[in-house]
Amino acid sequence: MTAYLVAIATLVGIRALVTLGLNVQWGLTGLVNLGAVAFFGVGAYTAALLAVSGVPLAAAWPAAIVLASGAGAALAMVALRLREDYLAIVTLGFGEVLRLFLLNETWLTRGANGVTGIPRPLHARFAGHYDLFYLALVLVSVALVYLALERVRRSPFGRVLRAIREDEVVAAVAGKPVFRFKVQAFALGAGVAGLAGILFAHYLAYIEPNMFLPQESLFVWLALILGGSGNNRGALLGSVALLGLLEGSRFLKDVIPFLTGVRLAAVQQMLVGLVLVVLMIRRPEGLLPEKPGAD
Amino acid sequence: MPPIAQYVWNGVVTGGILALPAVAFSLLWQLLRFPNFAVSTYLTVGAYVAFVLNQGLRVPIGWSWLGALVGTAAVALAVDRIAFRPMRDRRPFSLAIASIGVAFVLENVVRFIWSNDFRSYDVPVTRAMEVAGLRIGRDQLLILGVAVVLMMLAQTFLRRTRLGIAMRATADNASLAAVKGIPTERVIAVATLGGGALAGGAGVFLGLDASIDPLMGGGLIISVFAAAILGGIGSAPGALGGAVIVGIVEEVGTLVVPPTYKTAIGFVIILMVLLVRPTGLAGGRT
Amino acid sequence: MTTITRRQLLKTSTAAGLVLGAPAILSAQSKEPIPIGTLCPLTGAGGSYGPDMQKAVVAVVERINKAGGIHGRPVQLYHEDDQTNAEAGVRAARKLIDVNKVVAIVSTWASAVTLAVKPLCVEAKVFLIGVSGADAVTQGDHKGYVARTQPNTNLQGRMYAKFVTSKKEWKRVAYLALQTPYAVSFGDSFTGVVKGAGVTITDSLVYEDKKPSYRSEVTRVLATNPDLIMLGGYTPDSVVMAKDIYKAGYKGAILGPSFAINAKFIEGVGPDVAEGIWNMDRAPLFDSPAYKEFSAAVPRGDQSPYAPQAWDQMSLVALALAAAKGEVSGTAIKDNLRAVSNPPGTAVYSYADGAKLLHEGKKINYEGASGACDFDQIGDILSAPFSVQQVRKGKSELVMNINP
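Protein chains in written order, with numbering that gives the first Met the number 0: chain A, 0 to 294; chain G, 0 to 285; chain P, 0 to 403.
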C-alpha cells in the first residue's frame, strides 16, 4: 500500500507544480491560460530528448525550463492583447497544436511511439528506495517553488502583477509597462510548468504525446479554482483534493459492484464537470479564498 | 478538372455541417456574452436523440432529425436554467468555464448510457455523382440545402419578427432593452431553444456523414469557434460564411500541410482573425 | 444382526465426519487466493475493445477455480481501467502491484500503456502480457517479464505483403494509417517488402483520429490511382474512412486488418459499402478445442479480435504457475512460460487439461484460441498463419490461408 501512496503523492506533487505555475499567470496576474499542458509538455519533451541523447541532466534540465519559459513568452507576446474569453480559446488551441506537433514531427519527437528509456537521475545511488527518493525530490521542488513564488507575490514585482489583475488601466496610467510585466509573469508560470514536466518525464521514464491532452489543462484549472485561485496554498490544496477525488473514486467500484468500467469512468468525469459548474456558481473563489490586500 | 476544385467542394460540405453549430454559437455568444463550450456537446446529444428514435423506435430518419431538434432544444434550455441563469451577472470567463463543465457532464451522461461504442443510423450509404468532374454526393447536397434554408429562416426571424428584433436589441444592450420592456429571460429562452435545435440538427448530419460516439461534438469545437469568430460574433450569415471558409481552408490546407494538422489550421485562423480584425468579416462586437 | 442405537450412530458418524473432514479443514487454511490483475481499456480510445477482453479473462478464471484452482488455490482477479491513457495506466498498475499484490498483469491493449507500465512490472517482478503491437514493447531489457500474443509488426507486414503480392492485379497500392505506433511501423514493414516485389506504393498517408470526415485525405489518395487501398486503423475510424472512400466513387479493392473490418464495421458501414472488402489477420485456430470452448464461454467473443488472446494470456499464466510447483510469483511465471507454451509436449487446449497432465509430471504444449502461442526469447510469438477473408453479402467469408 505504501508504494502506491508514494506513487500517487509523487504525481500529485508534479501536478501541484503545474498548478503553482498557473497561479502566477491567473491567480496573481489575471491572465487566462487554458493551455498549461503545452508548457508542461515542452519541459517534459525537451528534458527527455536531451537526456536520451546523452546530454547531462545539469544541462538538460535548465535548457528545458528555458525553452518552456520561452514558449510561454512567445505565446504571451502574440496573444496577451486579447480579451479574456478570446484568450481562453487561443491558449486552449495552443495546447492542442503543441500536441499535434509532438505527434507529427516524428523526426524530432518520435511521434506516437514516444520517448522510451528516459534515464532516472541518481538511480544507482538510491536503488532500492528509488521511489522514496523521487518523492522527496518532487516534494523539495514543490516546497522551493512555493517559497519562491510566495516571495515573488510579496515583492514589488508581485504587487505590480496584482495591480494589473485588479485594474490594468490604472496600472498603465501609473506608468507601469503593463504588457512587459504580463509577458514576464506568463513566462514565469510557463517555466514552473516546464519544471513539472521535467520531473514527470524522468519519473515515468517514458512519455508520449497523448499524455498531454487539452483536458489536462482543464484539470489543472479545476484544481486551482477548487483550491482557491489567487493563492499558492489554494493551488496545493486543490491539487491534492482533485487527485484525491479521481483516485479515491477508483476504490468506489470495489464497494459498488454495478458501477464498473465505462460507467465508472463516466461517473468520475461527470463529477469533475459537476464540481466545476457548482464551483463557478456557488463559490468561484474556491476553498481557500485569497484574503483581500494579502501581503 | 484540377483536383483543387474537389478540395474546395469538400470544404464547402464540411462548412455546411459546421455552419449550424457556428450560427448557434455565434448568436448565443452575442446574446449571453460568453462562448458556450457546451454547444459542441449539443451536437452529440442531437445525434443520440435521433439514434434512439431511428434505431430504437424505427422512426424514419427525417422524423428522427426533427425529434433531435426538439430534444436538443429542451436539453439546452434545461442547461441554461440550471447552470447559466444563476450566473447572468458574472464575468464572461466564469460562464465559459461553467460551460466547459456542462460539456463534460453531457458527454459523460451520453457515455454512461450508450458507452463508447460508435453507432450508425439505419440509412443506406450512396455513391457520389460525377458532376463536371467533381464528385458530389446527394446527401451532401441535402445537408447544404438544409443548412442554407435554416440560415435564411434564422435571418428572417432575427430581422422580421418581433421576438427576433427583441433578441437583437437585448444582445446590443441588455439593460436598455429591459428598461424598454423587453422580456430578457424570454428572449434568452427562445435563443437557447433555437441554438440548441440548430446544434442538434447538425449533430444528426454529422452522425450521418461519419458515425455517432460520445466524443463526436468535442472534435469540432475549435473549428466551430474559428467559424464564429471569423464570421463575426452575432452575425448568422457571417457564421455561415465563416464556416464555409474554415471548411475550405482546412480541406485545401491538406495539400500543403499533413492532414494530421487539420485542427491546427482552425487554430491559426482564430489567432489571425483575432489579431488582425477581431470583429470578423461581418463585423460583430469586438 | 445387532441393532445400533441412535446414540451410537450419532457418535460414530461424528467421529467419522471429523476424521474425513480433517484434511479439508487443514487445507482450507492454505487456500489463499492468487491475485492477478487485468488492465484493459474500458474507456478512452480503446474503450470498445477492453470489456470483451476482461470478460474473457473472467471466464477463464471461473473455469480455473471450478477445476480446483492452481495447486488448490483460487485465482482472485482485480480489474482496472487504464482509460487508454499511459499515466492513468501507471496509476492503475501501481495500485494492482502495491495494493492488490498481483503476480501478473494480463490483457493490456494500448502500446503506450504497456510501454509505460513495463518498467514498473520489471522492477516489481510482475509478469506482463498483452496485445500491444508497437515494436518497443518486447525490445529492451525486460528480463523475460514481458510477452505478447499479438504478432509483431514485422511479422504482420511480411504476411500482408505476401498476400498482396500474390494478387497480380494489384500493382499500385496506397496505404492509409491511423496515427498510432502500431500502424506506422506496420506500414514501414509492409511497404518495404512490397516495393521489393515490384509493387508501387502510390501514397502513404497518416490520418488523425476522431475526425468526422476524411474527404480530403481520400481525395488525395484517389488522385494517385491506386488498385488497392490498404487501411491501417481501428474500427471506428475505418468506418468513417470506408464510407468516405465509397462516397468518393472508388471502385477498386480495399484491404484492412480483420480486427478493424469486423462485424461491427460491417454493421456500421452497411453491406453495400462493405461488399468486397478484404481483411486478414492472424488466424485464430477456429477448429481448435480451445477456440470452441472460448466462443461457448464468452458471448459474442468471436466478434472481438482480442478476446481470444486475453483468454490465452490468462490460461498461459495459470499453467505457468501450475508448472512452478508451488512458487507463486511473476518470476515463477516467466521461468515456466515457455515450458508450458512451446513444443515439445502433449498438446493441451485448456487449463484443466494442462493442469492435470502437469500434475502427472508430463510436459505440455498449450495451443490456444488465438493461435499456437509459442514464444521466442524476447516474448514475441513465433510465426503464425494468417487467414484472408472477404466480405460477401454482409459477412466475412474465409478465402484462403497464408502460411509464413
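Hints in this document: simulated from the structure, not taken from any laboratory.
C-beta atoms are modelled at their ideal positions from N, C-alpha and C, and glycine is treated no differently.
There may be inaccurate statements among the hints.
The following label-pair restraints were derived from C-beta to C-beta distances [to be verified]: (1) A:Phe-156 - P:Gln-376: 54 to 64 Å; (2) A:Met-0 - P:Lys-392: 16 to 26 Å; (3) P:Arg-299 - A:Ile-255: 23 to 33 Å; (4) P:Ala-262 - A:Ile-255: 28 to 38 Å; (5) P:Lys-209 - A:Phe-125: 35 to 45 Å; (6) P:Lys-170 - A:Met-76: 48 to 58 Å; (7) P:Lys-100 - A:Pro-55: 50 to 60 Å.
If you want a taste of the chain P side facing chain G, the calculated C-beta under 10 Å gives, among others [stated by the list, open to error]: (8) Tyr-206; (9) Ser-215; (10) Lys-246; (11) Asp-271; (12) Val-272; (13) Gly-275.
Tested hints:
Between Phe-156 (chain A) and Gln-376 (chain P), the C-beta spacing of about 60 Å keeps the proposed range 54 to 64 Å intact. Distance hint check for Met-0 (chain A) and Lys-392 (chain P): the Cβ-Cβ separation is about 57 Å, which falls outside the suggested range of 16 to 26 Å. Remark: the range hint 23 to 33 Å for Arg-299 (chain P) to Ile-255 (chain A) is upheld by a beta-carbon distance near 26 Å. About 32 Å separates the C-beta atoms of Ala-262 (chain P) and Ile-255 (chain A), a value consistent with the hinted range of 28 to 38 Å.
At about 41 Å, the CB distance of Lys-209 (chain P) to Phe-125 (chain A) agrees with the hint of 35 to 45 Å. The hint said 48 to 58 Å for the Cβ distance between Lys-170 (chain P) and Met-76 (chain A), and at roughly 53 Å that hint holds. Remark: the range hint 50 to 60 Å for Lys-100 (chain P) to Pro-55 (chain A) is contradicted by a beta-carbon distance near 38 Å. Restraint check, Tyr-206 (chain P) versus chain G: the minimum CB separation of about 6 Å is within 10 Å; hint holds.
Nearest Cβ of chain G to the Cβ of Ser-215 (chain P): about 4 Å, under the 10 Å cut. The hint holds. Taking 10 Å as the C-beta contact cut-off toward chain G, the hint placing Lys-246 (chain P) at the interface holds, the least distance being around 5 Å. A distance limit of 10 Å between C-beta atoms decides the matter here; for Asp-271 (chain P) the minimum to chain G is near 6 Å, and the interface restraint holds. Hint on Val-272 (chain P) holds. Least Cβ distance to chain G is approximately 5 Å, under the 10 Å limit.
For Gly-275 (chain P), the interface hint is violated, the least distance from its beta-carbon to any beta-carbon of chain G being 14 Å, above 10 Å.
When each numbered hint is compared with the structure, violations occur for hints 2, 7 and 13.
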